[in-house]
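Protein chains: 2
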Amino acid sequence: MRSITVKAPVNIAVIKYWGKRDENLIIPLNDSISGTLSIDDMCAHTSVASSPQFTSDRMWLNGEEVDISANKRLVNCLKQIRSESTHDWTHHSLHICSRNNFPTAAGLASSAAGYACLMYSLATLYGIESPERISSLARIGSGSACRSVYGGFVQWLKGTDSQTSVARQIVDETYWPEMRVLVLVVRDTQKDTSSTAGMQLTVATSALMKHRVEVVVPARVEAMVKAIKDRDFHSFAEITMKDSNGFHAVCEDTYPPLQYMNDTSRSVRRFCHQYNEYYGANRVAYTFDAGPNACLYLLDRDVAPVVKLLLRYQTGLEVKGQAVDVNGVELESGLTARFDDKPCIGSDSLRYIISTRVGSGPQVLTDEHQCLLDGQGLPK
Amino acid sequence: MRSITVKAPVNIAVIKYWGKRDENLIIPLNDSISGTLSIDDMCAHTSVASSPQFTSDRMWLNGEEVDISANKRLVNCLKQIRSESTHDWTHHSLHICSRNNFPTAAGLASSAAGYACLMYSLATLYGIESPERISSLARIGSGSACRSVYGGFVQWLKGTDSQTSVARQIVDETYWPEMRVLVLVVRDTQKDTSSTAGMQLTVATSALMKHRVEVVVPARVEAMVKAIKDRDFHSFAEITMKDSNGFHAVCEDTYPPLQYMNDTSRSVRRFCHQYNEYYGANRVAYTFDAGPNACLYLLDRDVAPVVKLLLRYQTGLEVKGQAVDVNGVELESGLTARFDDKPCIGSDSLRYIISTRVGSGPQVLTDEHQCLLDGQGLPK
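Sequences listed follow chains A and B, in order.
Each residue of the first sequence is one higher than the one before, starting from 1 at the first, in my numbering.
Each residue of the second sequence is one higher than the one before, starting from 1 at the first, in my numbering.
Just so you know, these hints were derived from the structure itself, not from any lab.
This one's a predicted model, so the numbers in the text were calculated from it and none came from an experiment.
Treat the hints with care, as some may be off.
Since the list can't tell identical chains apart, any single copy or any two copies may satisfy a pair.
As the list claims (entries may be wrong) - Derived pair list, reagent style DSS-like, types lysine-lysine, alpha-carbon separation capped at 27 Å:
1) Lys20 / Lys320
2) Lys20 / Lys210
3) Lys229 / Lys191
4) Lys308 / Lys342
5) Lys342 / Lys191
6) Lys210 / Lys226
7) Lys308 / Lys20
8) Lys191 / Lys308
9) Lys191 / Lys320
Construct the complete structure from the given sequences, taking the supplied hints into account.
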């Protein structure tokens, strides 16, 4: 039995992927850019094993066996990666065990980390070393997974076919070491439209989508790459916020409209603008995916003040992930006065915060204890 | 003393006005279309009087005297209309008394009805008879007021200057007699950005606005005129809903974003789509202006069923305006089952409903009892 165990990260887009030009190959209508989040705080964790003794491909996800044949994309991925390897064991059956190491119900896109982790594991097992090939293979599983195969900040080039639609690293995780992320998990009851169905509907019905894809996003991508390379937080934040809003604008323009943000999401947005207005420059940037949770990008100096301000609205709010010491922080009285004057966030509207940072790409784990499969290739 | 008393209607746009190309003359970036609401249920009510005995222009609005000189647009309007009349009494001082006859805090644009009423009164007093001139004069007071000088469905032609930027009637109020309107007044705490400031910010910052103005709206205007002339409710509703969403999309795309709708507004939107999906055709259309209240356009057959469905969510909800007899209505069990399965609207999220219809343009009132000024030209 040969086995490989990998941890792979979540990524949070600052220029959004929304809309495919090829549904089967998952070729997007525009480039997108994301930050990769540290696997210390959130990750997918996958072990793959192949053995001539295994009688069929089997998979366990978060503790439960799943029917691989029922998942067309998964079948596709396995077929494709096997076709690209020349090793003997490529044709042996596989056992796959995977779990997501982040709080349940966080509403964070688990499929990106999951497929990146799976395809990175299999690529390692099968001797496929080209990061571009791994990125392309992950893309077939879940579009934005192609960005989770790199750390730091990552651009998914839309490309024209399966070979050219791949991610590449803009800068690695050491380039902008002050960059931090707070995920604000929002209370919500409304069931969201899946992003696959949602983006199809936007492409089919939004009168503004074509302009976004052809004119607005290309200019933002170029400006964002520059902002990241220049470590220009003010510009980075402005583009991030504008593109999040532009993405939700085309959701609003979809027929019937897609409603991912709720009033709490919007209150977090006001909170950020109010914070930035106080300082006369952008110090925190929000971005929202296809759900109500907020991801805030900010530099390390602002993490504790922002968390302390949020705690003024909602005492007892739990912070998971990296510890945040709010005791040492003295908020400026002008700042608190402004927020007392215009309170933004309801007292019970957030579930918790995850404090994290921009981190590395997938990591192969060599410690046998980290393998999720036992000597027989069954879940431990 | 010469006096004139007029009632003028509110109008609700189905193709939205948002964005000026000339701030002073109020020349809009695109054509817009609205339905005029019956003055029986909501109206502005204005008396104007001129007399050589009056020593200065004075105005009372909703019971309180206002300082005319502090309102630049009002000063502009008075100056402009006086310059267009040749009567002797044009140079006499004016007394103006005006009030809005609709529920306070309805959050409905009172300025459109108010300026239409004022300029229609003064035009009558000064012998200006051209509807196009009256429309243009009302426009200088408040852009969308130019549409309230006609009944039925009305198009504001953007034009290129003050003479050509005027409204014209598409069809009068008898053309589509089944057309009804329900105004759903929504509970809200958030203070909205004024539409004047909001539209300036959208024009200055939204990356999607130019495309809306130049490409999207012109096609919708053409299709909407056809739908109205054909009395094609399904198309009328689709264009109305799409343009409301398109308008709120550019608000979302504004930087910082403009937030006019809230979660209740969005729940009303879902309610309408659910109702239409049940029937497999559009039977009710929502539209939202720069605030959270919903205006629903629908045909008479659907008024009682829609109100009865809303009462299932919120018992005791008050209906103002035209009486709606829900007792005689039997809701289809498939319809109620669908709404029970997916409840949309919170149990205390609406304040009340105003039930009304598409109605006539401004009416000159000849009954002396309706005059708001006494024999001395002071408020009664």
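For each hint, the structure was consulted:
1. Lys20 / Lys320: Cα proximity of Lys20 and Lys320: none, with 34 Å in one copy and 48 Å across.
2. Lys20 / Lys210: So Lys20 and Lys210 pass the 27 Å test inside a copy (12 Å) and across (24 Å) alike.
3. Lys229 / Lys191: neither (38 Å within a copy, 39 Å between copies)
4. Lys308 / Lys342: Close inside one copy (16 Å), not across copies (38 Å); limit 27 Å.
5. Lys342 / Lys191: between (30 Å within a copy, 11 Å between copies)
6. Lys210 / Lys226: Classified as both; 24 Å inside a copy, 26 Å across copies.
7. Lys308 / Lys20: neither (40 Å within a copy, 42 Å between copies)
8. Lys191 / Lys308: The answer is between: 26 Å across copies meets 27 Å, while 30 Å in one copy does not.
9. Lys191 / Lys320: within (25 Å within a copy, 34 Å between copies)
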